[in-house]
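J.: Each chain is listed here by its residues.
4 protein chains.
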Amino acid sequence: MVVHREVRTTELRRTYGFEEVAIVPGDVTTNPELSVTDLTIGPFSFSTPVLASAMDAVANPAFAGHMSRLGGLSVINLEGIQTRYDDPTDAIEEIIAADKDDVTTVFQRLYLQPIREDLIAKRVAEVKKTGAVCAVSLTPAMTKKYAPMAVEAGADILVVQSTVTTARHISRSYRGLVLSEIIAELKVPVLVGNVVTYSAAMELMEQGIDGLLVGVGPGAACTTREVTGIGVPQVSGTLDCAAARDDFYANGGKHVVIITDGGIRTGGDLCKALAAGADGVMIGTPMAQTEEAPGKGFNWGMASPHPALPRGTRINVGVRGTLEEVLLGPSHRTDGTMNLIGALKICMSYVGATTIAEFHEKAELVVAPTIATEGKSYQRAGLI
Amino acid sequence: MVVHREVRTTELRRTYGFEEVAIVPGDVTTNPELSVTDLTIGPFSFSTPVLASAMDAVANPAFAGHMSRLGGLSVINLEGIQTRYDDPTDAIEEIIAADKDDVTTVFQRLYLQPIREDLIAKRVAEVKKTGAVCAVSLTPAMTKKYAPMAVEAGADILVVQSTVTTARHISRSYRGLVLSEIIAELKVPVLVGNVVTYSAAMELMEQGIDGLLVGVGPGAACTTREVTGIGVPQVSGTLDCAAARDDFYANGGKHVVIITDGGIRTGGDLCKALAAGADGVMIGTPMAQTEEAPGKGFNWGMASPHPALPRGTRINVGVRGTLEEVLLGPSHRTDGTMNLIGALKICMSYVGATTIAEFHEKAELVVAPTIATEGKSYQRAGLI
Amino acid sequence: MVVHREVRTTELRRTYGFEEVAIVPGDVTTNPELSVTDLTIGPFSFSTPVLASAMDAVANPAFAGHMSRLGGLSVINLEGIQTRYDDPTDAIEEIIAADKDDVTTVFQRLYLQPIREDLIAKRVAEVKKTGAVCAVSLTPAMTKKYAPMAVEAGADILVVQSTVTTARHISRSYRGLVLSEIIAELKVPVLVGNVVTYSAAMELMEQGIDGLLVGVGPGAACTTREVTGIGVPQVSGTLDCAAARDDFYANGGKHVVIITDGGIRTGGDLCKALAAGADGVMIGTPMAQTEEAPGKGFNWGMASPHPALPRGTRINVGVRGTLEEVLLGPSHRTDGTMNLIGALKICMSYVGATTIAEFHEKAELVVAPTIATEGKSYQRAGLI
Amino acid sequence: MVVHREVRTTELRRTYGFEEVAIVPGDVTTNPELSVTDLTIGPFSFSTPVLASAMDAVANPAFAGHMSRLGGLSVINLEGIQTRYDDPTDAIEEIIAADKDDVTTVFQRLYLQPIREDLIAKRVAEVKKTGAVCAVSLTPAMTKKYAPMAVEAGADILVVQSTVTTARHISRSYRGLVLSEIIAELKVPVLVGNVVTYSAAMELMEQGIDGLLVGVGPGAACTTREVTGIGVPQVSGTLDCAAARDDFYANGGKHVVIITDGGIRTGGDLCKALAAGADGVMIGTPMAQTEEAPGKGFNWGMASPHPALPRGTRINVGVRGTLEEVLLGPSHRTDGTMNLIGALKICMSYVGATTIAEFHEKAELVVAPTIATEGKSYQRAGLI
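Chains as they are written, first to last, in my numbering: chain A, 1 to 384; chain B, 1 to 384; chain C, 1 to 384; chain D, 1 to 384.
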C-alpha cells in the first residue's frame, strides 16, 4: 500500500463539545452542602452563576426579578421586542401563533419596527423596581448610541454582544466602537462577546472589559454553523478563553469573568463548562422552558429575524417547570434538565472542590464519546 | 490557512467504553472446557465471577440463594426497600404499577420510610439460611452505624458503596468514616467503590480493603453523567484501576480484586471488562431481567429516589429467562445477553487463557468502533 | 494486557469532510458589505464564485443565462440529453415520470441515443444568445473529437471532466488525450477534473490547465464510493489540491483556480470549501432545487446511465426557491440552503477577510464533529 | 484543569473497518478493460477472485457449478446440512419456515443429526460432475477424520476453518490437528482460518498452508463480537495478515494467498479488502442473495446452531438478482451490491493498476468516516 503519498497539509486541530467529554472524579471528595457557587461581576455577587440569555422569549423585566430572587441574573435585550413595542405581549403572541412555514417572515416583519428610546428607560426602570441588578444587552453597532441612555436610566451592567465580536473591527463608517472609551465613559461593568479563541479573548481583555461571553454557533436556537460554517464547540472555546483569562491575570491584568454562552441543556453541560474554566454560564433554552418565561414554551434566537440571512427559527421547547425547579430544584426529572445548581454542587463534591476556583483547579475533563456511555441502549430503545 | 493559531490548551485524554473496543484473538487457542473462571474474595471463592448489584429490583435473600447455587454472589442493599419494609413486596409492586410520569415522586416517598435495625439482622439471617455467602451493602455515611450490626448478624462480606468514594472524604461532621478502622474492627472482607482512577484506587487500597468497585456513570439505570457531567467509560476506568492493583501488589501490598460495576449488558461487555483487568463484574440490568429477580422485569438505580436530584428512573427491562440461562446457559438468544459465563469461557479459549490471571496477561484490547463491525446493516435495517 | 503485539502496518492517514470541520472566527472582524467574492477564470471574472454542475437536471442554455445574470457560471454537458435530443424536454419528462424501480433502466436506454454534432453547435449558440460566458463539458475520451467543434461554435471555457482524471492515462488506443496539446490548440481556458491529491493536481497543472475540479465520490447524486470504494472527503481533497496550487505558483507556474465540486449543500459547506483553499465551487443539487432548473425538483448524476455499473440514481430534491434566492437571497429558510453568497460574505467578515485570497490566508479549520454542536438535540427530536 | 493525572495505561491500538476507510485515486489511471483480476490457489486459477462461503444457505453442488462458470469458487461445508441429510432441501425449508422466535431451537435440533460419511463422497462427486474445482470445508476438530475421505473422493482444495484458528491449539485430547502433517498427507492446496493478526498468520504460514482466511467477528450472519467481545475490523485484519504474507515471502517462504472472509456487502467493500492486501475475498450474504443460492433469500452462519451459545441467526436477506448479475453484472442497482467484479475493475483503473499485485502496491487507504461522505443526507432522509 502507498504509505508515503506526498501530502502537503497538516493535521487539523481537534476541538471538543459537551457531548464528547466527561469530568473525572477527584481523589478527595466533599459533601455537596460545602459547595459555594458564587459568581462575581464587578461589585455584584451572584450565588447562582447563571445568566439568562438576552432573548425575547426568555427575558423581560418580570423574569429579571425572578432570576434575582433565585441568585442569578437576567439580561434584557435593548434591540428586541421589549424596546420596539409598548406592550411586547402581542408581538410575542403573534410569533407563537404563526404557522411554521411563515414564522421567519413574521420575525422579519416584527423586528423591523424601530427601537424607541423611551422604552429603553422604561424597561430599565421596570427591572430596577423588582430589586434586581439590571443588566442590558446591545450589539456593538448600537452601543455608542444606546448604552449611555441605559446607564443613565439606571442599568448596572452592560453586555455588548454579537455573533462574533473582536477588539479590532473594520467597518466603512469613519470610526466604530472603541471599547476602552465606552468602558471609561460608562463606569459600569461591561461584558463583551461572543468569542471562542485565546487571541481574540486576550485582545478584548486588554480593552478593560469585566467579562467575556464564550460561544459561537452552539445554541439550540441558532444555526450559525450550518449557514456560515463558523463555530467552535463550547468545551474548546471555554478552555481557550479561560487560558487567556489566567494568563492575563498572571501578567497583572484584572480578573475577567468567563461566561460560557449557549448549548447548555443539562446540569452535566453546565458542570462541564465550569470544569473547562468558565466562572458562570449564560443559558437560553432551559430558561425559556420555565413557567415564568415570556415565550410560553417557545424560543428563538436573535439572529432569526435577520432580513436576508436568518440563522435560527422558533423552537417549541415546552414548559418543564418553575424557574426555581430548573435552577435550584427539587427535580422530578432524571434527564439533568432540572436543579442545575444542585447538580453543580454534587459534581463539585465529587471532584473535591468547595469553590468554583477550586473546581477549575481540580477538575479533569476527558474525551468520552456519548456512544461510550454503556447501557444507555435501553434509553435509546425507548424502554424507559 | 491559519495553522499555528495561539492555543493554550492541551489535547484532552481519550477514554474508552465497551462499545468502542474489541478483544484480539491470541496466537495460541485452547478448548473452552479448559477455562477456569474463579474469583476469590478473602476466604471465599466463586466459580462464577459475577456479583449481582445491590439494587432493590435485583437482590433479595431468595435471589442471593439462587446466585450462590450458580457459583456467584448477590449483594443485599441495607439502605433500600429490604430494610425499610417488613414485606418489601408491596413497595416494589407500587413502584412497578406507578404511572411513568409519577414514578420519581413514588420513589422519593417510598424511600423516606426509615431504616429498621431489626430488619438488617432479619435479611442477613434469611440470606444465610439459603446457604449463600452473605454480602451486604452500605453507603459510607451509614457504614459506621450499621456495618457492625450486619456483621454481628452474620454478614460475610461488606460492600461500602456510593457514586464516588475516596479514602479522603471531607465533611462538616467532626470525623467521617475511616476505612482502615472499620476494616480492622469488622474482620470481614471489605469491598469499596465506586472509583475510576489510578490514584483514587491506590489510596483506597492503602486503607487495607479487599476489593474495589469500578464505575462512575455507566449503568443503564443511572444518569449521573447526564445530570452532573461526571463519568469515565468502563474500559478506561478498569484499565486504570487494574494498573493500580498490579502496582500495589508489586510493591508488597495484598492482592485486591477489581470488580467492574455497571454498563455490562452482554457476554462481550463482560469479556472486555475482564480483558481490561477486572477479576469479576457487578451487574444489575441483566440480573433484573431474570425470572428470579424481585423487580419482575423492571429495574431502577439507587440514586433514583434522591429527594432533590434523582439520577435514574424505572426501566422496563423485560424478563429474558432464568438466572441459570443468563449466567450459565444454554442460550436461545444470539445477542449476547444469555450464557455470560459460556461466552467468557469461549473468549478465554480464543485468547489462549485458562485462568483469569492468564486472560489479563494475554488479552489485547483494540479500538474498534461499533460502526466498524461490517455487515451489521442488516440488523440495523431490521431484516432479521 | 498485551500492549506490544507485533503489528506491521502503519496508522492510516486521516481525511476530513464538511460535516466534521468548522471555521474559527478571526481576531479582527469586518463588515459583510466589504466582502468581495470574485472568481477569475482566464479572461473572465465572476462575482458569484459558483459553477452550476454539468448535469442534465441542472444546466441547459436558459439556465446558463440565469446564472450569468446572477454573476455565476453554468456548464453545459455536451454528452448528455442536450446533445442527444433536439428537444430534451421529453427525455427529462420521461426520467421524472419513471417508476422508482425502473429509473436506472430508463437512464440506460435514453443515454444510448447518439450524440449529434449539430446539437453541440446549437446549444453553444443558445448559451451565447443569453449573453452568458459559455462553458461546456466533455469527458477525456470525447475531448479530442468534440472540443474543437464546441470552441469553433463559440464556447468560451472548456471543462474536461470524468470521475478521476490524470495527466498520465493509460489506454489501449494508440494515443489518448494529451492535455497540453489540446490546450495549445483551443486557446480557451481549460478546467480539468476530478482530482483529490496533491501529486495528481500538480501533474495536471504542469500541462498548462487553468483550473482544477476537486472531488471524487462526495456528491449527493453519486455513489462512486459505495460502488468502488474510491473517494476522498472534500475538505481534505481541497486542502491538498490548494496546497499544490500554491506550490505550483510559488515555483513560477501560473495561477490555477481550484473549484471544489460536489457535496456542497449549504452556505456552511461552501464557506468550508473556500476556507480549505478553493477559489470557487461547483454545485449540483442546490442548483437542481431552483425553479429555473430543467430537472423540476429532481436530480441525477452523469454516472447514473452507465450501462453496466450505474453509480447514482434519480433523487427527488424538491424545489426550494428561485435561483436568485439560493445564490443571493433573501432567504426565508434557516438551514443554510439559501443565500449562499450572503452566507459567504458574513463568514468572510467573521474571519476578517475582504477577498477570497485573504480568506484563504486567515481562515482556520478545526475538527468539530457534528455531534459536538451542542443543543441541536431539539432539532434532531423534531421539536422545531 | 488537571492535565497530568497519574495514568498508568497506554493508548489502545486503533483498528479500521470497511465503513471508515476509502481508497485514494492514483496519479496514473488506466482503462477498466485492462484490469486483470486473477486469483491463483495452488495449481488453480480463478478469473473472479471470489469464494462463496461454506454456509448452507449459500453453497451446494449446483451452486458450485454456477460459481465455476463465472470464474469463481464455491466451498462446500462438510459439517452442515449437505452431509447430514440425503436431501437437504427439507431441512432448509424447515429453517426458512420456522417462526422467528423458534429458529434458534430449530437450528439446534437440525444440526444434531449425525454427519454421514457416504454423503461426503456423494457431495464431492456432485461438485466434480459440474466441472468445477471442488473445495470443501471442515473444522480443525474434524479435519483428521474427514479430510482424507474428501480428498480421496476427489476434493481439490481443503479449507480448515473455525472462528479462530491457530497453529498451536491446546486441547485436552492427547494430540490435536498438526497442520503440517495433514498438508503433507493430503497433497491438495489447504486454506486455513480464521485469523486477524500478523503473528498468528505467520505461525500458520510456517505450517506450509496455501491460503489464509482473514476475519473474526465481521460477518452479517455472525454475532461473535457481541457475544464474546472478540473481533477485529476487516481492514486492519487484512492489512496485518497481508504484511505477514509479504514478510514470509520476502524471507523465502511460498506465496500464500490472503482471502478476506466476512463483512463484504458491496463492490466498495471488496475493493477495500483488496486494497488492504487481500488476493481474494470470501463472501456469504451477497451470494445468499442470488437466485441460485439454496437459501432462497435467507442466510445463517455456521455458529447459529451452537447448542449452548448460538452466535448468529437466520437473516432474511432477500433475492437481488442472478449470480452473474451480482458477480459480473450488468447492474440495475446503484448501491454497489451488484457487478462486484465490474466495480473492482473500475476501481483498479482509477488507481492505475492492471493486476491485483499492482493494486496492492499502488492503492492508498485513508480514514474517511462515512459521516464525512457529504451530501448523503438526501439518501438518509429517504428522498431517493
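Hints in this document: simulated from the structure, not taken from any laboratory.
One or more of the hints may lead you astray.
Note that the list lumps identical chains together, so a pair holds whenever it fits in one copy or between two copies.
To be verified - 30 Å max Cα-Cα, derived DSS-like pairs, lysine-lysine:
1. K128 x K100
2. K362 x K144
3. K362 x K122
4. K254 x K296
5. K296 x K362
6. K129 x K296
J.: Each hint should be assessed against the structure and marked as holding or not.
T.: Status of the hints after comparison with the structure:
1. For the homomeric pair K128 and K100, neither the shortest alpha-carbon distance inside one copy (36 Å) nor that between copies (43 Å) is at most 30 Å.
2. In this assembly of identical chains, K362 and K144 lie within 30 Å of each other by CA distance solely across copies; the values are 29 Å between and 41 Å within a copy.
3. In this homomeric assembly, K362 and K122 never come within 30 Å of each other (Cα to Cα): the closest approach is 45 Å inside a single copy and 44 Å across copies.
4. Proximity of K254 and K296 under a CA criterion of 30 Å is satisfied in neither setting, with 40 Å inside one chain copy and 61 Å between copies.
5. For the homomeric pair K296 and K362, neither the shortest alpha-carbon distance inside one copy (39 Å) nor that between copies (43 Å) is at most 30 Å.
6. Taking CA atoms no more than 30 Å apart as the test, K129 paired with K296 passes inside one copy only; the shortest distance there is 23 Å, against 57 Å between copies.
In summary, the structure is inconsistent with hints 1, 3, 4, 5 from the numbered list given earlier, while agreeing with the others.
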